[in-house]
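S.K.: Sequence:
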Amino acid sequence: MTQAVIWLIAFAVIFYLCYARWEPSVSRGLDKILPSVMKTHGNNRLVWSLALAVLGATTVVRPVDILLTAILIGLAVLIGVKLVGWAKTRADFH
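Going from the sequence shown to our numbering is simple: count from 1 and add 9.
In case anyone wonders, no lab produced these hints; they're calculated from the structure.
Wrong hints could be hidden among the right ones.
Said to hold, decoys possible - Label-pair restraints from in silico Cβ distances:
1. Thr78 x Gly38: 34 to 42 Å
2. Asp101 x Leu59: 22 to 30 Å
3. Asn52 x Ala79: 27 to 35 Å
4. Ile80 x Met47: 37 to 45 Å
5. Lys97 x Val14: 23 to 31 Å
6. Leu26 x Ala96: 42 to 50 Å
7. Lys41 x Val93: 20 to 28 Å
8. Val56 x Pro33: 13 to 21 Å
9. Val14 x Ile75: 40 to 48 Å
Keep in mind the model is a prediction, meaning the values are calculated, not measured.
Every residue gets a Cβ at the ideal spot worked out from N, C-alpha and C, and that includes glycine.
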């Protein structure tokens, strides 16, 4: 129960800060990181604020789970890139 309360408080604080400070800081920071297709144009303010609040609150409550998930995603991407590179060298493009 304590974890749920801490998660809800962290979610509310992070959501409020992201939503309130969207234009001066959060939008610019996301635009620097994201590819052009995912840039924060228009009315994505609520969606990105919710997503960042969920990730932030989960990181506060269960940091090891987030770290392990990031490591697994990184390994999957690395293996995928290596397999695509290997397949490109084996493919016969005439």
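S.K.: Decide, hint by hint, whether the structure agrees.
M.R.: Status of the hints after comparison with the structure:
no.: 1; hint: Thr78 x Gly38: 34 to 42 Å; in the structure: violated (22 Å)
no.: 2; hint: Asp101 x Leu59: 22 to 30 Å; in the structure: violated (47 Å)
no.: 3; hint: Asn52 x Ala79: 27 to 35 Å; in the structure: holds (29 Å)
no.: 4; hint: Ile80 x Met47: 37 to 45 Å; in the structure: violated (23 Å)
no.: 5; hint: Lys97 x Val14: 23 to 31 Å; in the structure: violated (51 Å)
no.: 6; hint: Leu26 x Ala96: 42 to 50 Å; in the structure: holds (44 Å)
no.: 7; hint: Lys41 x Val93: 20 to 28 Å; in the structure: holds (26 Å)
no.: 8; hint: Val56 x Pro33: 13 to 21 Å; in the structure: holds (19 Å)
no.: 9; hint: Val14 x Ile75: 40 to 48 Å; in the structure: violated (19 Å)
Hints 1, 2, 4, 5, 9 from the earlier list are contradicted by this structure; the remaining hints agree with it.
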